[in-house]
Amino acid sequence: MKKILAPIILIVLLSGCETTKSLQEKNSNLIQNLNQANELGVDFMCYNMCKDTTKGMSLNQLDKFCKLQCPIK
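Its first residue numbered 709, the sequence shown is counted upward by one per residue in our numbering.
No lab work stands behind these hints: they were computed from the structure. Everything numeric in this text was worked out from a predicted model, so none of it was measured. The hints are all genuine.
Below 20 Å or equal to it, Euclidean Cα-Cα: the simulated PhoX-like pairs (lysine-lysine) are: (1) Lys759 <-> Lys772; (2) Lys775 <-> Lys759; (3) Lys763 <-> Lys775.
Please construct the entire structure, taking both the sequences and the accompanying hints into account.
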């Protein structure tokens with residue numbers, strides 16, 4: 709029984725270490741994405757609402773219009 713239990717506990721502990729590393733990588737990717745969004749100078753909450761509610765424009769016109777309407781203050 710002890711021979712079976714020890715490897716199971718070891719596997720559980722090692723798998724927990726791997727998830728910590730992957731979470732750190734995801735967090736660093738999120739931080740990089742936020743930095744890129746700030747460099748664009750656009751408030752993305754406003755930008756997404758603008759794109760969802762504005763009708764009658766081509767995609768290119770809509771993109772330019774919403775970027776002008778939603779700068780970061």
